[in-house]
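Colleague: Each chain, written out:
Number of protein chains: 2
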Amino acid sequence: MRLEHQTSSSAQRARATGSPIPPPAADVVRIIPLGGVEEIGRNMTAVEVGNDIYILDCGFQFKEEETPGIDYILPNTGYLEERRDKIRGMFISHGHLDHIGGIPYVSDRIGNPTIYTRKLTGLMIKKRQEEFAGNAPVNIREVEKDESIKLGNHTIRFFGVTHTVPDSMGIIIETAWGDVVYTGDIKLDTENGVPTEEEFREFEVFRNRKVLCLLMDSTNVWQPGFSIPERTVYATLERIIHDSHGRLIIAMFASHLERLIRVVHFAEKFGKKVVIDGRSMRTNIEIAREIGLIKYKDDTVVAVENMASYPPEKLLILATGAQGDEFASLARIGNKSHKHIRLQPTDTIVLSSSVIPGNERAVQKLKDNLSRQGAHIITYYASDVHASGHGNREEAAWIHKQVKPKFFVPQHGYHYMLRVHADLAAEMGVPPQNIVIPDNGSVVEIVKGEKIVKTAHKAPSELRVVEGLTVSEISDVLMRDRKALGQEGFCVVVATVDRRSGRLHKSPDIISRGFVYLRDNKDLMDQTRLIIRKSVEQSMRNPRSADLDAAREDLADSVARFLLQRTMKRPIVIPVIVSV
Amino acid sequence: MRLEHQTSSSAQRARATGSPIPPPAADVVRIIPLGGVEEIGRNMTAVEVGNDIYILDCGFQFKEEETPGIDYILPNTGYLEERRDKIRGMFISHGHLDHIGGIPYVSDRIGNPTIYTRKLTGLMIKKRQEEFAGNAPVNIREVEKDESIKLGNHTIRFFGVTHTVPDSMGIIIETAWGDVVYTGDIKLDTENGVPTEEEFREFEVFRNRKVLCLLMDSTNVWQPGFSIPERTVYATLERIIHDSHGRLIIAMFASHLERLIRVVHFAEKFGKKVVIDGRSMRTNIEIAREIGLIKYKDDTVVAVENMASYPPEKLLILATGAQGDEFASLARIGNKSHKHIRLQPTDTIVLSSSVIPGNERAVQKLKDNLSRQGAHIITYYASDVHASGHGNREEAAWIHKQVKPKFFVPQHGYHYMLRVHADLAAEMGVPPQNIVIPDNGSVVEIVKGEKIVKTAHKAPSELRVVEGLTVSEISDVLMRDRKALGQEGFCVVVATVDRRSGRLHKSPDIISRGFVYLRDNKDLMDQTRLIIRKSVEQSMRNPRSADLDAAREDLADSVARFLLQRTMKRPIVIPVIVSV
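As they're listed, the protein sequences go chains C and L. The opening residue of the first sequence carries number 1144 in the working numbering; numbering runs sequentially from there. The opening residue of the second sequence carries number 1144 in the working numbering; numbering runs sequentially from there.
Just so you know, these hints were derived from the structure itself, not from any lab. Check before you lean on any hint, since a few could be wrong.
You can't tell identical chains apart in this list, so a pair holds if it fits in one copy or across any two.
Below, a list of computed lysine-lysine pairs in the PhoX-like style, where the Cα atoms sit at most 25 Å apart [to be verified]:
| # | residue 1 | residue 2 |
| --- | --- | --- |
| 1 | Lys1547 | Lys1457 |
| 2 | Lys1626 | Lys1479 |
| 3 | Lys1626 | Lys1508 |
| 4 | Lys1206 | Lys1508 |
| 5 | Lys1206 | Lys1626 |
| 6 | Lys1412 | Lys1591 |
| 7 | Lys1288 | Lys1547 |
| 8 | Lys1440 | Lys1206 |
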């Protein structure tokens, strides 16, 4: 099936630049994805109707290859900052960092709106806030999944969704033209390709509703069929825990809280002690215990220091670091720097996770290190020890069938993923002209409930990054410099020149880092000195009228050209001319 | 099944350092993997018996995250360089770069041994050699798969293997104690999990042989079951080419020559014109045509400039760049910089390749760019348009059953892959004490045909890299500097100090690149200047006795400490103090 969904032309974009965005007309529902539609992560969408703005999620994204040296990427909240007084609330679908990570950095800038979310998510947000001591406390209003609340001129409802963390929910904004439905991250609990009764029950909420527009997770819609249901993973892990005759190490995301809870339960069931090795994991399990999502005897969990008192076959270690993170528990076990855990050939390690794109090398190294010490490794390639929290194509199709939206705006994913989801929506019956594939900052409007357009406006969408102690918009030059430095290094050349004669005072200095040969290659060093002398003395041949800036530029050019020709490398050359 | 394969302890390694490696005893078969057993790539193994050394393959590896800025990693041939006169020949299993890429860099250093290989591989090596104009010509002796040749005191035989390039072969070195068998890259042609008759026929060579030791590809043995046979891929591509009603772009590796040949054949069969867009692809197809591996009418292949004369449904474009390579054909199509090809929504793009670990982001970006222009994309996730050239677990099991080796040394793969392969070999009947998992440079010896040991010796195994115009051993400091520079940038501080008074002549200069804030942050800049002044004047308070080196060190320390505290960044600080 071939469709042409609406996309804004570059001409439209050009027109948009600089013009202020007027408030939406009275008959318009405006939808602005501020993050999460050109990448996986930093999910945040604003829905604006009349005088009310509702915010859906507030995540961040971990750094990319394209953004070396930065810590996180935030959604650009420029649009919201200029409209603080219209913000009625922030709705958080669940407690993962790509949905809550931006809160400590963003809340203050947009006027600290009240956060509406379910119990566990609220606690996860609060716990995280503790790491930002200087911040104003966040105002959280706990909601339940069947609740509805009135905020501004609209009613907001919620519904439960299946993901990998408890208390995940979708959000429904009731408008005069029908509902705007936001799923958050979503998969289905299925058995042999059929959703469970509970899924049918949750989606009954849509039976008699008129859904104007669906905003939905697109992460895995490009994968055919159904995802492995989490219940299959539980069954596999239960069997592994039951059968294990040696020490068992299970590594997974601390955020896969439902699975963590099950594993602790299975361990207790089979009389094993649990060691929780990883701060985030311990925190999450403590929160879950605090609100009764998990119950276990006090002596089920033992401290890693006391591990030695138990026979290996009685021990189950829950570890972080299945992605190869250098400082996590599993990496330290792998490189033998863990304080308390040394691997034995009778150990079994379960990597209960997939590999996040970009982490392949790190995970390979981890597996090499672990298997070098003789441990047996079980991965999701050979056994169902992991399932994604995002539904595949057939799950998405089922959800579309329940929700029956008039308009569709795919969310959460790279453009390609959104496009595949748009194609699916069209196959499920949404007319192609009722589908918009947005970019970050696209101002999408549904007019009179009749027509959807990607307007010529664009909300601010420059990359906002957290680096060290500051939040700033990213500089392309900076990123380009870092990439160059990381490949080619740099070279500082220092020439001290006599202001009267224009001659060099002494042999020029050359300092290089990250650039290959200079140190070991006296010849090249000497020739470079000659190039420096020649360039500077040429520039300074009339010392009185010499232009020092031009002299520096010429010096950098000459040296860079010479080094490229001799080494095929392009170090950044910094020319220092001191005139004395 | 739990096994402990032999690994050398660190104590053994320490002992090995520095001691020269004596020649093997008369009753020993020595096997030294020089590359390819701690990574995918740079495959090269030496087999030494008595006075003869036989070299198996000579590949290189593309750069890793761990080796920023370098071009290729070579096998370390130090061991061979010291024993040139014992080298009887170099045997090349097939024409992929991880098996032939090292030749132009290495041949000369090891005395330009004669290369024994099949016709196509020989041509590929020669073609590549043309890019190294300064090199001595290589001496290639063409062999056929059923041939046997006597070299030194041993007979060498060959056998055909299935991979993704024609003329792939395995190598058999006959020794007094049985054969050393090297598979090169290998998979099986199968139908419903049963190897074809031709596979049975090829492996008949082992029916009455006594195999002392098997050296075998381990790349995909960790994958369960059978790999998709290439015949399935051909069938899928044939159907897609037959059914396509618009322009079809098929992207794949130029090295997947068998598949390229098939695609050209299908195109001709269905009356389509073929545009070959990519130099490596064109070269490979020309070579294949030259030796009759492919036949097509002259007008089947049309130049990209003449494409417009044909209706879209008659066009099939073969493109390089399915891995997201920035300068390849497909990337240029994606970012609209291709001279002749602009995408239309009626175009279909087939990515006939998997994603090499490390390229995920680049491929995602490519798919985003392509789908943004409306083209329909078919990937191997949803359709059998790609299969690996390396066999899965059950294929490896079948091969082990045919070869029945007494000893086993897994090759080609990361340690974890080798380990999984070793476990499989043990399950297939090789006693665990007859298996050695080697590292690069391990000196493995089979004594009297009775016993295998990883000796305490280690052949040189430092990383040898190609960077720009030179080959050198890698410097850890250099790699560390590049990584730091790529994340944190650097900062040059220049202080001109009066040699008599020890006071600064003028306000110090600060030049930074890749480091965030300095330029935009006047406050920080001013404060840094103050820190510089304070540090230098403190160091120079007794100008006559001042130690300039110590002053520089103190200056760098003070500035680095201050910047870290204020920005949480750690730029490399270069202190320049000019005393005048």
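Colleague: None of the hints should be skipped; say for each whether it holds.
Modeller: Evaluated hints:
Proximity of Lys1547 and Lys1457 under a CA criterion of 25 Å is satisfied in neither setting, with 51 Å inside one chain copy and 40 Å between copies. With identical chains, the CA atoms of Lys1626 and Lys1479 are at most 25 Å apart between copies only, with a shortest distance of 23 Å across copies and 32 Å within one. For the homomeric pair Lys1626 and Lys1508, the shortest alpha-carbon distances inside one copy (24 Å) and between copies (18 Å) are both at most 25 Å. With identical chains, the CA atoms of Lys1206 and Lys1508 are at most 25 Å apart both within one copy (20 Å) and between copies (15 Å).
For the homomeric pair Lys1206 and Lys1626, the shortest alpha-carbon distances inside one copy (14 Å) and between copies (15 Å) are both at most 25 Å. For a Cα distance limit of 25 Å, the shortest separation of Lys1412 from Lys1591 qualifies neither inside one copy, at 57 Å, nor across copies, at 54 Å. In this homomeric assembly, Lys1288 and Lys1547 come within 25 Å of each other (Cα to Cα) only inside a single copy, at 21 Å, whereas the closest approach across copies is 62 Å. Neither within a single protomer nor between protomers do Lys1440 and Lys1206 lie at most 25 Å apart by alpha-carbon distance, with minima of 40 Å and 51 Å respectively.
Violated hints for the displayed structure, listed by number in ascending order: 1, 6 and 8.
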